[in-house]
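Read top to bottom, the protein sequences are chains A and B. Counting in the UniProt record's numbering, the first sequence runs from 1 upward without gaps. Counting in the UniProt record's numbering, the second sequence runs from 1 upward without gaps.
Treat the hints loosely; a few may be bogus.
[Unchecked claim] In the BS3-like style, the derived pairs of lysine-lysine whose C-alpha atoms are separated by at most 27 Å in a straight line are:
| id | chain 1 | residue 1 | chain 2 | residue 2 |
| --- | --- | --- | --- | --- |
| 1 | A | Lys8 | B | Lys306 |
| 2 | B | Lys131 | A | Lys9 |
| 3 | B | Lys306 | A | Lys73 |
[To be verified] Chain B regions said to be covered by chain A (calculated; three or more residues, Cβ under 8 Å):
| id | region |
| --- | --- |
| 4 | 102-111 |
| 5 | 139-146 |
| 6 | 184-195 |
| 7 | 216-229 |
| 8 | 275-287 |
These aren't lab readings, by the way, just hints derived from the structure by calculation. Don't be surprised by glycine CBs; every beta carbon is placed ideally from N, CA and C.
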Amino acid sequence: MNDVLGDKKAIAVLIGPALLIYSLVMLLPIVWSLGYTFFDGNAISGFTFIGTDNLARLFTDENVRQALGFTLKYAVVVTIGQVALGYGLSLLYVFVLKNRSGLVRTLVFFPVVVPTVAVALLFQKMFEIAPQNGLVNSLIELTGGQAVDWFGGANTSFLVLVLLDLWRSMGFYAVLLFTGLLDIPEEVLEAARIDGATGATMVARIVLPLSLPVLLSSLIFSINGTLKVFDSIVALTNGGPGDATTPLTLYMYNTAFRFGDYGFGSAIALLLTLICLLVTVFIFRSTRRDLSES
Amino acid sequence: MSSTLSGAQRTAGVTLVPGTRPARRRPARKRAAGLVGKVTTWLLVAVLVVVVCYPLLWLLLGSFKTQQEFLNEPFWSLPSSLALGNYVDAWTTGNIALYLRNSLVVVLPSLALVIVIGVAAGFALEILVWKGRGTVLLLFLAGIMVPGQMILLPLFSAYFELGLTGTLWPLIITYTATALPLTVFMMATYFRAVPREIFEAASIDGASVLRSFTAVGFPMVRNAVFTVALVQFFFMWNDLLIALTFTSSDELRTVQVGLLNFTGQFGATQYGPLFAAICLNVFPLFVIYLVLNQRIMTGLAGGAVKG
Chain A
1 MNDVLGDKKA
11 IAVLIGPALL
21 IYSLVMLLPI
31 VWSLGYTFFD
41 GNAISGFTFI
51 GTDNLARLFT
61 DENVRQALGF
71 TLKYAVVVTI
81 GQVALGYGLS
91 LLYVFVLKNR
101 SGLVRTLVFF
111 PVVVPTVAVA
121 LLFQKMFEIA
131 PQNGLVNSLI
141 ELTGGQAVDW
151 FGGANTSFLV
161 LVLLDLWRSM
171 GFYAVLLFTG
181 LLDIPEEVLE
191 AARIDGATGA
201 TMVARIVLPL
211 SLPVLLSSLI
221 FSINGTLKVF
231 DSIVALTNGG
241 PGDATTPLTL
251 YMYNTAFRFG
261 DYGFGSAIAL
271 LLTLICLLVT
281 VFIFRSTRRD
291 LSES
Chain B
1 MSSTLSGAQR
11 TAGVTLVPGT
21 RPARRRPARK
31 RAAGLVGKVT
41 TWLLVAVLVV
51 VVCYPLLWLL
61 LGSFKTQQEF
71 LNEPFWSLPS
81 SLALGNYVDA
91 WTTGNIALYL
101 RNSLVVVLPS
111 LALVIVIGVA
121 AGFALEILVW
131 KGRGTVLLLF
141 LAGIMVPGQM
151 ILLPLFSAYF
161 ELGLTGTLWP
171 LIITYTATAL
181 PLTVFMMATY
191 FRAVPREIFE
201 AASIDGASVL
211 RSFTAVGFPM
221 VRNAVFTVAL
231 VQFFFMWNDL
241 LIALTFTSSD
251 ELRTVQVGLL
261 NFTGQFGATQ
271 YGPLFAAICL
281 NVFPLFVIYL
291 VLNQRIMTGL
301 AGGAVKG
């Protein structure tokens, strides 16, 4: 019967279209993009071969250093925030709200499906100072504080970006970790309860160690996403003020499409891909560990 | 904090009343602690709900306000009427109708295409027996982590050379291809859960591979296919990077790119129409979410590898 399930013609019909499109539109361009890194110029002006200059420039370019620094800072801060907040919420769902968590869970998840551009524009208006105060500055003034020009400084812009991403994604990580917490056998918790474990002790000694694998996967999923942050930054600050909130993704986009430097743009994209690749290797490692443990 | 304290005081007051519920054996202190816990919980949940809902409510209310109301009234004020003027402005002057149409024209065919070829590929990779399928699955998996930036420039040149620039084809092609890795990965996972014996029985009964795919395999994972389609719908609909790169003129903009450039249509920020435009982008998704939230939640959690 494996002869039938091994029918060559049928296999070609089923896998062929996917493999063809995937190869032509993703694999080939990746190789092509690698080729671009050795050239200067763009599709309109033509290309000149410059060897490894673009790759060398990755190490000396001040903007690359800035963008790489911002990308890493953003990824680390948002990842920790997303997972910590998500974990807090999932504990709330499982141990406090218990069977009544459905509505809250569904509500907090909703921002996940809202387009990032819409969320970013909403946050822009919420944190606005001119021509008029937005929601946040109005609240600050109402409580006697001084309105803040959120998008005027690097640190405050960064803060708003982080808040936006946390608001948008906390429900997602809450559900992801919630599923993990549900997998903890009830008998283990019951045994701990009989032994007198409650509240914080229970979480620290029993729940946290048992949810480490799913926490680790969440961390890696999260960092894989935050390294590629683009939409929210383009729509909220567009990299500003100056280039204080420009990550590698946006710097690549600007280099390639605003300044028409395909070669260096491709080199930045390569750098980004290599960083993501490193993270993905960790994904495989950790998921394999999950499988062997369960 | 203050209300948790008052909660504690209130219980303390209750327990002082003599003769209340003597049947309960729990000591008063424990009962008070329970109530403090309850009040803290509800406070926490209330804050959470406000943090999530209030911005959206502010958005919805704002979409009915006039420019004057925005500039002169405090932020908590309600709109004086529920007139749809802002929506009309956003729909026509703001071109949201055109952008929504473009998004639909791009997303629906891409979705149909990626589902058909992605499910078939998942079946071929997981159920069928052939040399090299492990490698091909890995090849698809690798595509999940590749950032869009890595393929944009060559595609941009290729579409230009092929004369596709100025049409919506670049978006359809790119969405289909970039959605493939995750679709194939998720479908392969779902097919893995289907017992192989079913397909072996089908082939003993004389079904060809294609027939066991269309008559047995596909119907068995129908629910999963729907979930994957939902997940991909949100990824495509909410995409900015690819849409921004390949929409060369205003007529081609998807709803996300259109929204990003929305202020430009009016000169100075017209709050009402802008808020209405954001609402037109958000609330159709809200309706979908209202109906299908459980499926969307499990689906997106299943696609978490995409980050």
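Each hint tested on the structure:
{"no.": "1", "hint": "A/Lys8 / B/Lys306", "result": "32 Å, violated"}
{"no.": "2", "hint": "B/Lys131 / A/Lys9", "result": "14 Å, holds"}
{"no.": "3", "hint": "B/Lys306 / A/Lys73", "result": "20 Å, holds"}
{"no.": "4", "hint": "102-111", "result": "violated (count 0)"}
{"no.": "5", "hint": "139-146", "result": "holds (count 7)"}
{"no.": "6", "hint": "184-195", "result": "violated (count 1)"}
{"no.": "7", "hint": "216-229", "result": "violated (count 0)"}
{"no.": "8", "hint": "275-287", "result": "holds (count 6)"}
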